[in-house]
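We have chain W; now place chain S with the ligands onto it with these hints.
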Amino acid sequence: MSDEPSPERALPSLGGTEAWLRILAPTVIAFLFLGGWEAVVRINAIPHYILPGPVLVAQTLVRDWGTLSVSLLITLKITFMALSVAAVLGLVLAVLFAQSRIIELSLFPFAVILQVTPIVAIAPLIIIWVNDVTISLLICAWIVAFFPILSNTTVGLNSADHNLIDLFRLYRANRWQVLVRLLLPSALPYFLAGLRISGGLALIGAIVAEFVAGTGGSASGLAYRILEAGYQLQIPRMFAALVLVSGTGIAIFLALTLLSHLLLRKWHESAMGRGDRR
Amino acid sequence: MTADRPLVALRGVTKRYRTGTLALNGIDLSIRQGEFVALLGASGCGKSTLLRILAGLSAPSSGSIDWPQAAHDASGDPLRDIGFVFQEPTLMPWASVMRNVTLPLELAGMKRSEAEDRAADWLARVELKGFEKAYPRALSGGMKMRVSIARALVTRPRLLLMDEPFAALDEITRFRLNNDLLHLWSEDRFTVVFVTHSVFESVFLAERVVVMAPRPGRIAQEVGIAVEGPRDEAFRTSAAYAEHCRTVSAALSATINPAERPA
Ligand SMILES: Nc1ncnc2c1ncn2[C@@H]1O[C@H](COP(=O)(O)OP(=O)(O)OP(=O)(O)O)[C@@H](O)[C@H]1O
Ligand SMILES: [Mg+2]
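Residue numbers (our numbering), protein chains in the order written: chain W, 1 to 278; chain S, 1001 to 1263.
These are calculated hints, taken from the structure and not from any lab test.
Take these hints with a grain of salt, some might be off.
Pairs of lysine-lysine, DSS-like flavour, derived with a Cα cap of 27 angstroms [as the list claims (entries may be wrong)]:
{"#": "1", "chain 1": "S", "residue 1": "Lys-1133", "chain 2": "S", "residue 2": "Lys-1111"}
{"#": "2", "chain 1": "W", "residue 1": "Lys-266", "chain 2": "S", "residue 2": "Lys-1129"}
{"#": "3", "chain 1": "W", "residue 1": "Lys-77", "chain 2": "S", "residue 2": "Lys-1129"}
{"#": "4", "chain 1": "S", "residue 1": "Lys-1129", "chain 2": "S", "residue 2": "Lys-1111"}
{"#": "5", "chain 1": "S", "residue 1": "Lys-1133", "chain 2": "W", "residue 2": "Lys-77"}
Only some residues are given here: those of chain W computed to face chain S with a beta carbon under 10 angstroms [as the list claims (entries may be wrong)]:
{"#": "6", "residue": "Ala-30"}
{"#": "7", "residue": "Phe-31"}
{"#": "8", "residue": "Asp-64"}
{"#": "9", "residue": "Thr-67"}
{"#": "10", "residue": "Arg-169"}
{"#": "11", "residue": "Leu-170"}
{"#": "12", "residue": "Tyr-171"}
{"#": "13", "residue": "Asn-174"}
{"#": "14", "residue": "Leu-179"}
{"#": "15", "residue": "Leu-182"}
{"#": "16", "residue": "Ser-186"}
{"#": "17", "residue": "Leu-188"}
We treat Cβ as the ideally placed atom computed from N, Cα and C, and that holds for glycine.
Extracted from the complex, chain W is given alone in its bound form:
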């Protein structure tokens, strides 16, 4: 046939090189940075309660892993619960918006209000009103994580190809068929992009709320460990907790990027390698 697709992946070797570069280049930078940091600390003999070197931070991380890991799990739990609730509610509400203009017009402004109100400002109220600390933290993290999913998914549901919508009308598809077979698949890339943003935000929301709540005891997360270490001038431990927070954020981002790639790689432009794009 005259219109067969041409063979793809003309430059596989370049693709491989780029994959390596993607990992290697930031790693080199990271080592240079850490090495420089350690050198500055040692040469200037900076006391560790002002600025600990990366080696000391790593040692502290290992030594205090018992307490820190418990806190890490608590923060992770809150983050994931908030993200899940945000994903489900954001999706459901976006679908409702797509079905009914009236619902959209009456509720969307309130979603915006939730989004623009600084979480630090309302966290104390929520913590006062809700007795259970975990639930109040959850609500704070959810408020921050909710909006990107809602607004992205709303855009996605409205972005379905107009000709495809006509095609569905032509075949007398009902609302449910249009939703499931056309609108939701069209919105999937947008939903996933929102989820990626919200993953980081849920973590930030959880941390901020913990800071505000400042609860101690065994059931406290990473933010409390940072606060506590600060009061006690255990700066290396503070850094260790900080490293865990950043690491968690990076891990969440990578996990959601992978999820998005797996779900979209077969059909969506965003999930294709550069060499594959046409």
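Just chain S with the ligands now, kept in the frame of chain W:
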């Protein structure tokens, strides 16, 4: 006398968009069962609008559209029984070729296995056997268009509406698809309304070319293309073909106001 009753008849169809544009003015057109009609006209003369009205995707501002042979549903809407091919392939990128073609059948509630059998038949007829599992992005433009045609025909519609389906393709691919379309049509004799910008394409394909004029959109002239023998490559280079092209071309030029003709 069923034979004399047209498949669809438009009388005095006018369409004014909310923007105030008079896209169609007083269209009278009737289309016989099994006929191949081309709608030819300059950009903006309302060809797509007419096609969408035929498909029931857009309502006329005034005038009537009768489907004398069609059954009607509870609300009095005619069951038009239509396949539509858009200018772009308009495939669902998240669905395989097979799923794209089975879509109309599945929307109508057909069992998936049965729908797949039917779709496989049509994919074979448009020469896409072996591509069932491929995703649209892995196909060339011409192949995507074939999928779109298979999807439009899989329900065995009485009327196939095509809106400049091959305009975006290179000439070689367009000729191939023209031949393939005529082949499918000669086998099944569905009715076709084919919108095009191209005089050559309209003469090659259609039994009747409806030439439209712009501002406001209206029918300027209808030209019958009677051909003895098959419409094949020999026809494309024949004197008769050239003669028909001249006639249609003259009719088309006459629709353009001399003052507006490009210098
Ligand atoms: N949805 C719409 N709203 C307002 N005006 C429209 C709309 N669709 C088309 N028109 C106008 O109606 C006229 C006819 O448009 P139409 O798309 O039917 O032309 P066409 O013959 O298909 O043109 P082309 O060959 O460029 O596709 C144009 O002037 C166009 O601007
Ligand atoms: Mg058009």
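We went through each hint and held it up to the structure:
1. Lys-1133/S - Lys-1111/S: holds (19 angstroms)
2. Lys-266/W - Lys-1129/S: OK: Lys-266/W and Lys-1129/S at ~20 angstroms, within 27 angstroms.
3. Lys-77/W - Lys-1129/S: violated (50 angstroms)
4. Lys-1129/S - Lys-1111/S: Given that 27 angstroms is the threshold and the Cα spacing comes to 21 angstroms, the pair holds.
5. Lys-1133/S - Lys-77/W: Distance of about 40 angstroms is beyond 27 angstroms: violated.
6. Ala-30: violated (36 angstroms)
7. Phe-31: Phe-31/W check fails; min Cβ-Cβ to chain S is 39 angstroms, beyond 10 angstroms.
8. Asp-64: violated (47 angstroms)
9. Thr-67: violated (46 angstroms)
10. Arg-169: holds (6 angstroms)
11. Leu-170: Holds - the Cβ of Leu-170/W comes within 10 angstroms of chain S, reaching about 6 angstroms at its closest.
12. Tyr-171: OK, holds: Tyr-171/W within 10 angstroms of chain S, min 5 angstroms.
13. Asn-174: It holds, given that the least Cβ distance between Asn-174/W and chain S is near 9 angstroms, below 10 angstroms.
14. Leu-179: Violated, because the Cβ-Cβ distance from Leu-179/W to chain S comes to roughly 13 angstroms (cut-off 10 angstroms).
15. Leu-182: holds (7 angstroms)
16. Ser-186: holds (8 angstroms)
17. Leu-188: holds (7 angstroms)
In this structure, the hints that do not hold are numbers 3, 5, 6, 7, 8, 9, 14, in rising order.
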